[in-house]
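Sequences listed follow chains A and B, in order. Letter 61 of the first sequence, counting from 1, is numbered 61 in the numbering used here, and no numbers are missing. Letter 97 of the second sequence, counting from 1, is numbered 97 in the numbering used here, and no numbers are missing.
Think of the hints as simulated: they come from the structure by calculation, not from any bench. Treat the hints loosely; a few may be bogus.
What the hints assert, rightly or not - Capping the alpha-carbon separation at 25 Å, the derived lysine to any residue pairs in SDA-like fashion look like this:
1. A:K13 x B:G15
2. A:K57 x B:K111
3. B:K81 x A:K71
4. A:K3 x B:A39
5. A:K3 x A:L45
6. A:K55 x B:G103
7. A:K18 x A:M54
8. B:K68 x A:G42
9. B:K111 x B:S83
10. A:K3 x B:K111
11. A:K3 x B:L46
12. B:K68 x B:N49
13. A:K57 x B:N30
14. A:K70 x A:V52
15. A:K55 x B:N30
16. A:K3 x B:N3
17. A:K3 x B:K68
18. A:K13 x A:V52
19. A:K18 x A:R96
20. B:K81 x A:R111
21. A:K71 x B:K68
22. A:K3 x B:A84
23. A:K55 x B:L46
Stated by the list, open to error - Derived, one-sided and incomplete: chain B residues facing chain A with beta-carbon distance under 8 Å:
24. G15
25. K99
26. L100
27. T106
Just so it is clear, CB atoms sit at the ideal spot from N, CA and C, and this is done for glycine as well.
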Amino acid sequence: DVKVTQSSRYLVKRTGEKVFLECVQDMDHENMFWYRQDPGLGLRLIYFSYDVKMKEKGDIPEGYSVSREKKERFSLILESASTNQTSMYLCASSLRGGGFNYGYTFGSGTRLTVV
Amino acid sequence: GQNIDQPTEMTATEGAIVQINCTYQTSGFNGLFWYQQHAGEAPTFLSYNVLDGLEEKGRFSSFLSRSKGYSYLLLKELQMKDSASYLCAVRAGSSNTGKLIFGQGTTLQVKP
Chain A
1 DVKVTQSSRY LVKRTGEKVF LECVQDMDHE NMFWYRQDPG LGLRLIYFSY
51 DVKMKEKGDI PEGYSVSREK KERFSLILES ASTNQTSMYL CASSLRGGGF
101 NYGYTFGSGT RLTVV
Chain B
1 GQNIDQPTEM TATEGAIVQI NCTYQTSGFN GLFWYQQHAG EAPTFLSYNV
51 LDGLEEKGRF SSFLSRSKGY SYLLLKELQM KDSASYLCAV RAGSSNTGKL
101 IFGQGTTLQV KP
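The following block holds chain A by itself, in its conformation from the complex (with noise of 0.2 Å):
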């Protein structure tokens, strides 16, 4: 069965920590995605990246990094956790092209509170 896997489901961190999300996927995909989703917003593209080493902002970048340092496995790190970073982060990831048919299959996501 294929996955995508988000290493925790619910986090609590404090205001000012380097919080780390990771998502590992064993597809061989070269897409990957990070998302947060907040109720009545959907969900919003932080960064994406394509191949490894390669990464691009999405819509809502601000106050948040990424790393992919291997094709499977792709970080998001939240440099000084704030409390409007408390929301549910998703990590998909889909083919080159888009998997043509079925776009992205996703993580189970983290819930993360900033406290």
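Given the structure of chain A, go ahead and fit chain B onto it with the hints provided.
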């Protein structure tokens, strides 16, 4: 700008038919997707349209009109387990990167 609109909430009765609409304005179009997301779970793929017309898959169908920037998801013979959020997403940019833009989602409640 990029904009995808869908109703926030809908309610329907078990056994009935419901249609969830989605309108979009994007710079470029390379396919439209519908995902289902149960509370606390990851979104899962339901359907994909890239050409105008209706795609049918069991109880679920999805329609696309590119000229109108419009799609709908049709759910027939509703079951209680269909209570979920339904996400409309457009692949607007390069097909190589496959980046999707999502609407805010429609929360469907199915009542007995």
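Quick rundown of the hints versus the structure:
Simply put, K13 of chain A and G15 of chain B have alpha-carbon atoms about 44 Å apart, too far for the 25 Å limit, and the pair is violated. Between K57 of chain A and K111 of chain B, the direct Cα distance comes to roughly 41 Å. Violation of the 25 Å bound is thereby established for this hinted pair. Pair hint K81 of chain B plus K71 of chain A does not hold up; C-alpha atoms about 36 Å apart against a cutoff of 25 Å. Restraint check for K3 of chain A and A39 of chain B: the C-alpha separation of about 19 Å stays at or below 25 Å, so the hint holds.
Distance restraint check for K3 of chain A and L45 of chain A: the Cα-Cα separation of roughly 20 Å lies within the 25 Å cut-off, and the hinted pair is therefore satisfied. Proximity of K55 of chain A to G103 of chain B is assessed by CA-CA distance (about 23 Å); at most 25 Å being required, the pair is judged to hold. Between K18 of chain A and M54 of chain A the CA atoms are separated by roughly 22 Å; this keeps the pair inside 25 Å, and the hint holds. Distance restraint check for K68 of chain B and G42 of chain A: the Cα-Cα separation of roughly 23 Å lies within the 25 Å cut-off, and the hinted pair is therefore satisfied.
Among the hinted pairs, K111 of chain B with S83 of chain B is consistent with the structure: their alpha-carbon atoms are about 9 Å apart, no more than 25 Å. Between K3 of chain A and K111 of chain B the CA atoms are separated by roughly 33 Å; this puts the pair beyond 25 Å, and the hint is violated. Between K3 of chain A and L46 of chain B the CA atoms are separated by roughly 17 Å; this keeps the pair inside 25 Å, and the hint holds. Distance check on the hinted pair: K68 of chain B and N49 of chain B sit about 14 Å apart at the alpha-carbon level, within 25 Å; holds.
Distance check on the hinted pair: K57 of chain A and N30 of chain B sit about 20 Å apart at the alpha-carbon level, within 25 Å; holds. For the suggested pair K70 of chain A and V52 of chain A, the alpha carbons sit about 6 Å apart, so the restraint of at most 25 Å is met. A distance of roughly 21 Å separates the Cα atoms of K55 of chain A and N30 of chain B; the hinted pair therefore holds under the 25 Å criterion. For the hint linking K3 of chain A to N3 of chain B, the alpha-carbon distance of about 30 Å lies beyond 25 Å, and the restraint is violated.
About 36 Å separates the Cα atoms of K3 of chain A and K68 of chain B, which puts this hinted pair outside 25 Å; it is violated. Between K13 of chain A and V52 of chain A the CA atoms are separated by roughly 28 Å; this puts the pair beyond 25 Å, and the hint is violated. Simply put, K18 of chain A and R96 of chain A have alpha-carbon atoms about 31 Å apart, too far for the 25 Å limit, and the pair is violated. With a CA separation close to 23 Å, the supplied pair K81 of chain B and R111 of chain A stays within the 25 Å bound.
Simply put, K71 of chain A and K68 of chain B have alpha-carbon atoms about 39 Å apart, too far for the 25 Å limit, and the pair is violated. Simply put, K3 of chain A and A84 of chain B have alpha-carbon atoms about 22 Å apart, close enough for the 25 Å limit, and the pair holds. For the suggested pair K55 of chain A and L46 of chain B, the alpha carbons sit about 28 Å apart, so the restraint of at most 25 Å is broken. For G15 of chain B, the shortest C-beta to C-beta distance to chain A is roughly 29 Å, which exceeds 8 Å, and the interface hint is violated.
Annotation: K99 of chain B was flagged as interfacial toward chain A, and the flag holds, the nearest CB pair being 6 Å apart, inside 8 Å. With its C-beta approaching chain A no nearer than about 6 Å, L100 of chain B sits inside the 8 Å limit, and its interface hint holds. Taking 8 Å as the C-beta cut-off, the interface hint given for T106 of chain B is violated, the closest approach to chain A being about 10 Å.
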